[in-house]
Amino acid sequence: MAGRTQTSRSRRPAKQQDDGGATAPADVPAETSIDYYRQMTLIREFELRAGEMYTRAKIGGYCHLNLGEEATVVGLMAALRPTDYLFTNYREHGYALARGMDTGRVMAELFGRVDGVSAGRGGSMHLFDAERRMLGGYGIVGGQLPPATGAALALTFRGGPGPDAEAVMCQMGDGTTNIGAFHESLNLAAIWQLPIVYVIVNNGLGMATTVEHASGEPDLYKRGCSYRIPGERVDGNDVTAVRQAAEAMLQRARTERRPGLLEAMSHRLRGHSVVDPARYRSREETDRLRTLDPLPAFRAQLVEAGVLDDDTAAHIEAEAAEKVAAAVAFADASPEPAPDELFRFAYATDVPNAPRMMPGDPVLPAGWEAAV
Amino acid sequence: MPEITYRQALHDALRAEMMRDENVVLLGEEIGLFEGSYKITAGLLEEFGPERVRDTPISEEGFVGAAIGAAMLGMRPVVEIMTINFSLLAIDQIVNHAAKIYGMFGGQTPVPMVIRTPGGGGQQLAATHSQNLEVWYAHIPGLKVVAPSTPADAKAMLTAAIRDDDPVILLENLSLYNTKGEVPEGEQVATIGKAAVTVPGTDLTVVGYSRSAVIARDVARRFADQGVSIEVVDLASLRPLDRQTICASVRKTGRAVILEDDWLSYGVGAEIAATIAEGAFDYLDAPVRRVAAAEVPLPYAKSLERIALPDADALIKVINEQLDATRFAR
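Protein sequence lines correspond, in order, to chains P and X. For the first sequence, my numbering gives the first residue as 1, with consecutive numbering after it. For the second sequence, my numbering gives the first residue as 1, with consecutive numbering after it.
Hints were generated in silico from the structure; no laboratory data involved. For glycine and all other residues, C-beta sits at the position ideal for the given N, C-alpha and C. Hints are supplied without guarantee of correctness; some may be wrong.
Claimed, not checked - Listed next, the stretches of chain X that the computed footprint assigns to chain P, with coverage defined by at least 3 CB atoms under 8 Å from CB atoms of chain P:
hint	segment
1	90-102
2	188-196
3	274-287
Use the sequences and the hints to build the structure in full.
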């Protein structure tokens, strides 16, 4: 692992690692590696179909894909226990799937249907599953950090530190490290000794703005230094390295109540969102990115290691395609929320005079005089 | 019935709820060791300890957001924002997160938290520390905004707010903390979303909330001495807004004046006036009038601050104009 990660306490200069992370996962059981490949393949297939459904206008709004980030996503989710809590940004379809959320219900949310994981109220950016402790994708850059920090604070009231203690993972993009909420949250986590791991998925770009252009300290894992939060950079294309780095930080969060800052160097194969053709990238950069695609690299690596053969790989890929096709069919068959459901989630505690006017309705309900 | 201050009433409600429910925790700047800028939390650090009475750094966005996350995991945090002016540092967390999380995620997690914060000018704190920004939050679906005017209401509304499963902003007011009133002993829980007719009358309705409801009651008493029967509607809750109580009152009196501490344009009074126009139009004998703050960044100089803020004299002037315009016989 030492060859694949850098720590903020290390004296070595940080440099981005673009070697595709193709180290043999010798210490990982074959089944586990195959399962990672299965999850990565599912995410790839889901995202490709989501992009297609967007262009067919089945999906509205913004739609940000995890294409190219599959190894990072799967590695992070493999480090998380079912009892841990997850907060993410709006590029979170893959996290939801790897967290075990139902593929059909995730797609139904993108379609804005009643069976969606957020009942059609959230869409692509706002996936949520209380049972799986996926406490939300958040559309405002940095918005998830303070609530995630508060969730970690709540955990300190539940019990003391220990190997079985719960922890919080808070994922974000590279651009988020420039926002105030990032710094306020890290400071709170440090002074209150909270069990939380902040994860920066550094794909090099906030929309079209490079990390170097936007950040005074472009080695983002070092940005925890101001708060004495240990940082570590890991090759986001190496699923096992990501998992191990995240696990180690989560372990420290559980047992020592020390927050951590993990930076996964990853790659966004396409634009910021489905509608972004990424014209700001040169042809050379686009070609280079293609060589950094974690899926073929991981597949080749597993085949080479004798863990996977082409038939099994093809079977996994066909399975993913079937599962996503079924998810699309499920989403398409799910009804749109009915008009009389508009105010269903207006308040958790209903109170008198909660406004229920539709556009054009009078502000007072018919027959109100009798009630006064 | 014991007479206590508004400050004491808030303190008593916090303490009682902390004793009743261990999930109630307090977060805010200087609320522990310093006992709160306005001493609402006096003694609570000593009684409940630094975990439950948690001093925060100056990080409004951070600790308001942290309260949201803690609430999502079942805590019932009560946040003190030193004054409503500083809530602007946390507005993304309040508007984009606290207000949205329950509905946007399909009702999977409530956000049972309270933000206590005082508004109000008149203390020579100048432009950035004297604002009344309640309408910013009253505009936002997903929030509840309450504005008690008496010590009894303060206690009952804070108790209700803490027990409510939605984010509630409890608007306090710098000039009310030392006011006294009778407060029933023991548990009192207000109904959020209801206005109250605090002075019954027949000739003219004055609508107010928080400090302006106190002034309205005082002015109503002064008019009563002259044989003019003023009805006072204390909104108590800005979101939801009890439009029916307002319109029922104006249908009875035929005249309406709104007293508000915020600025006139797009203020609370604008919403009330529109409501009256719709719900009591045929009953009005005169146009609805509003008495609100002059639209300037509030100056420091006492001479300018005094005239910029709405007060009893301005309300009396407008009430008299309303009565004269409708040839009210006195």
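Checked hints:
With 6 residues having a Cβ less than 8 Å from any Cβ of chain P, the segment 90-102 of chain X passes the three-residue criterion, so the hint holds. With a threshold of 8 Å between beta carbons, the proposed coverage of the segment 188-196 of chain X by chain P holds, since 4 of its residues qualify and at least three are required. Evaluation of the coverage hint for the segment 274-287 of chain X: fulfilled, as 4 residues show C-beta separations to chain P shorter than 8 Å, against a requirement of three.
When held up to the earlier numbered hints, the structure conflicts with none and fits them all.
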